[in-house]
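Participant: This is what each chain is made of:
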Amino acid sequence: MAHALRGAAVIRGVAESQLGEVGPDRFALDLVGEAAVAALADAGIAKGEVDGLFSAVVGRGMANLDVGEYLGIAPRYTDGTMIGGSSFVSHAYHAALALHSGACDVALIVYGSTQRTDMRRPGRMPYPPEVPNYEAPARPVHPVTGYALAASRHMHEFGTTREQLAEVAVAARRWAQLNPKAFKRDPLTIEDVLAARPVATPFTTLDCCLVTDGGGAIVMTRADTHTDSPKAPVYLLGAGEAHSHRSISQMPDLTTTAARESGARAFAMAGLSPSDIDVAQLYDAFTINPILFLEDLGFCAKGEGGAFVEGGRIAPGGALPVNTNGGGLSFCHPGMYGIFALIEAVRQIRGEAGDRQVAGVTTALAHGNGGQLSSQVTAILSGER
Amino acid sequence: LVAGREAAYHVLLVDLDEGFRVMASAEDGAEDYPIGLRVVGRFDAPEDGASEPRLVFAKESD
Numbered sequence: 002m003a004h005a006l007r008g009a010a011v012i013r014g015v016a017e018s019q020l021g022e023v024g025p026d027r028f029a030l031d032l033v034g035e036a037a038v039a040a041l042a043d044a045g046i047a048k049g050e051v052d053g054l055f056s057a058v059v060g061r062g063m064a065n066l067d068v069g070e071y072l073g074i075a076p077r078y079t080d081g082t083m084i085g086g087s088s089f090v091s092h093a094y095h096a097a098l099a100l101h102s103g104a105c106d107v108a109l110i111v112y113g114s115t116q117r118t119d120m121r122r123p124g125r126m127p128y129p130p131e132v133p134n135y136e137a138p139a140r141p142v143h144p145v146t147g148y149a150l151a152a153s154r155h156m157h158e159f160g161t162t163r164e165q166l167a168e169v170a171v172a173a174r175r176w177a178q179l180n181p182k183a184f185k186r187d188p189l190t191i192e193d194v195l196a197a198r199p200v201a202t203p204f205t206t207l208d209c210c211l212v213t214d215g216g217g218a219i220v221m222t223r224a225d226t227h228t229d230s231p232k233a234p235v236y237l238l239g240a241g242e243a244h245s246h247r248s249i250s251q252m253p254d255l256t257t258t259a260a261r262e263s264g265a266r267a268f269a270m271a272g273l274s275p276s277d278i279d280v281a282q283l284y285d286a287f288t289i290n291p292i293l294f295l296e297d298l299g300f301c302a303k304g305e306g307g308a309f310v311e312g313g314r315i316a317p318g319g320a321l322p323v324n325t326n327g328g329g330l331s332f333c334h335p336g337m338y339g340i341f342a343l344i345e346a347v348r349q350i351r352g353e354a355g356d357r358q359v360a361g362v363t364t365a366l367a368h369g370n371g372g373q374l375s376s377q378v379t380a381i382l383s384g385e386r
Numbered sequence: 140l141v142a143g144r145e146a147a148y149h150v151l152l153v154d155l156d157e158g159f160r161v162m163a164s165a166e167d168g169a170e171d172y173p174i175g176l177r178v179v180g181r182f183d184a185p186e187d188g189a190s191e192p193r194l195v196f197a198k199e200s201d
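Protein chains in written order, with this note's numbering: chain A, 2 to 386; chain B, 140 to 201.
None of these hints come from the bench; they were simulated from the model. Since the model is a prediction, treat every value here as computed from it, not as a measurement. From the three backbone atoms N, C-alpha and C, an ideal C-beta is built for every residue, glycine too. Fair warning: there could be bad hints in the mix.
Said to hold, decoys possible - Each pair of labels, with its calculated beta carbon distance range:
{"no.": "1", "chain 1": "B", "residue 1": "Glu-186", "chain 2": "A", "residue 2": "Gly-60", "range": "45 to 55 Å"}
{"no.": "2", "chain 1": "B", "residue 1": "Gly-180", "chain 2": "A", "residue 2": "His-246", "range": "19 to 29 Å"}
{"no.": "3", "chain 1": "B", "residue 1": "Tyr-148", "chain 2": "A", "residue 2": "His-246", "range": "19 to 29 Å"}
{"no.": "4", "chain 1": "B", "residue 1": "Lys-198", "chain 2": "A", "residue 2": "Ala-302", "range": "33 to 43 Å"}
{"no.": "5", "chain 1": "A", "residue 1": "Arg-386", "chain 2": "B", "residue 2": "Gly-180", "range": "23 to 33 Å"}
{"no.": "6", "chain 1": "B", "residue 1": "Glu-157", "chain 2": "A", "residue 2": "Asp-254", "range": "13 to 23 Å"}
{"no.": "7", "chain 1": "B", "residue 1": "Leu-155", "chain 2": "A", "residue 2": "Ala-42", "range": "50 to 60 Å"}
{"no.": "8", "chain 1": "B", "residue 1": "Glu-157", "chain 2": "A", "residue 2": "Val-142", "range": "26 to 36 Å"}
{"no.": "9", "chain 1": "B", "residue 1": "Tyr-148", "chain 2": "A", "residue 2": "Thr-162", "range": "23 to 33 Å"}
As the list claims (entries may be wrong) - Just a sample of chain A residues kept apart from chain B, beta carbon distances all over 10 Å, derived:
{"no.": "10", "residue": "Asp-26"}
{"no.": "11", "residue": "Glu-70"}
{"no.": "12", "residue": "Pro-138"}
{"no.": "13", "residue": "Ala-149"}
{"no.": "14", "residue": "Ser-245"}
What the hints assert, rightly or not - Per the computed footprint, the stretches of chain A lying under chain B, defined by three or more beta-carbons under 8 Å from a beta-carbon of chain B, are:
{"no.": "15", "region": "153–161"}
{"no.": "16", "region": "196–209"}
{"no.": "17", "region": "246–252"}
My request is simple: use the sequences and hints to build the entire structure.
Facilitator: Below, the structure written as structure tokens:
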């Protein structure tokens, strides 16, 4: 018997705000508003119908209150789950639960950040330190230090190479070259990645995600309402979430993430397996991330992720297209990326991805990651129920 | 090895014989800390501006 939530909720609208570097006159809430208005227009749903609000913003402890006030939305269901960059994939899961239960009828998931512009604002207030106090004396530079430690361990245990890590960045860049909205589109080689400025062993700057501005929004309803929306519905067939630790020193196994649990839960709900996935959007904060997630989500065996990405296998024309918008490494990364993984999955299913469109996409996987490989949330989307 | 503003420095995850893992610093000037190396820890006085002592590990003597 199928899971009750399978296909019960659909994504009706998606949109991004202006991306890249928006300039000093714009702030995070401006991008939230821009993305929300565009996503509602994409869905053909009026703002006044929104009664479920989902958001998270770095540095804003009461993001939903800020967002609701700014947008003029007083929701009857609100969810400010903040588990880092995976929050928005989690919001999609939670929205499906809320819609299915009747707690709301139209869910708006929205995010915005001017992280890049903020670095240049005079008198800016830095974000509060992310590091737990008991790790701070060792002077980790988070988040990169934590991911670098995990990558080092993966290289030690499985023989993963620097070149294999670099291949992830090169594949992302090749996708970005097909995406006019991508922040970085100039050619990139494995040699370029290896020769870039070292940041934390084994990473150079080109193993690390971008720092950009940007916002995104998603509108969800039940599958049996708003059927007159202009765009074809994208069904949430499966979702799962898990988190295993906060600080990297407490990660149970540095080479295995909680994506193993979130992915298994999502596939079980969907009644599908990795071989059913046409494209995968895997949160690539650092080059080690897609390698870990390909393993933990079941696309290859543990330890084989490095070999899996070799030879352009996740790049345009490869057997498994991954991060087809260019990902956090080359498309955009405004503090948190998860909402963009969902948006790109929807675009690929709708056939709206322009030059980067993968032929014949029916089912896509969007995977969010947060903290120090801490929170993992997987969603499986499809144009067919 | 973290590329610091003034000089690179090591950040270690150390599995203690006592049964848990900690993040710690490495003794200054050490060249390399390969995974699996046995190390010995000590507490150094707080650095300038810090309130907590630093847990520092060095390679275990033969």
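Participant: For every hint, state whether the structure bears it out.
Facilitator: Going through the hints against the structure:
1. B:Glu-186 with A:Gly-60: 45 to 55 Å: violated (27 Å)
2. B:Gly-180 with A:His-246: 19 to 29 Å: Between B:Gly-180 and A:His-246, where Cβ atoms are some 22 Å apart, the hint holds.
3. B:Tyr-148 with A:His-246: 19 to 29 Å: holds (24 Å)
4. B:Lys-198 with A:Ala-302: 33 to 43 Å: holds (35 Å)
5. A:Arg-386 with B:Gly-180: 23 to 33 Å: violated (57 Å)
6. B:Glu-157 with A:Asp-254: 13 to 23 Å: holds (19 Å)
7. B:Leu-155 with A:Ala-42: 50 to 60 Å: holds (57 Å)
8. B:Glu-157 with A:Val-142: 26 to 36 Å: With a Cβ separation near 27 Å, B:Glu-157 and A:Val-142 satisfy 26 to 36 Å, so the hint holds.
9. B:Tyr-148 with A:Thr-162: 23 to 33 Å: Because 25 Å falls inside the window, the suggested range holds.
10. Asp-26: holds (31 Å)
11. Glu-70: holds (38 Å)
12. Pro-138: Non-interface label on A:Pro-138 violated, nearest chain B Cβ at 5 Å vs cutoff 10 Å.
13. Ala-149: violated (8 Å)
14. Ser-245: holds (14 Å)
15. 153–161: Held - the region 153–161 of chain A has 3 residues with a Cβ nearer than 8 Å to chain B, which meets the minimum of three.
16. 196–209: Holds: 5 residues of the region 196–209 of chain A have a Cβ under 8 Å from chain B.
17. 246–252: holds (count 4)
Against the hints set out earlier in the document, violations occur for numbers 1, 5, 12, 13.
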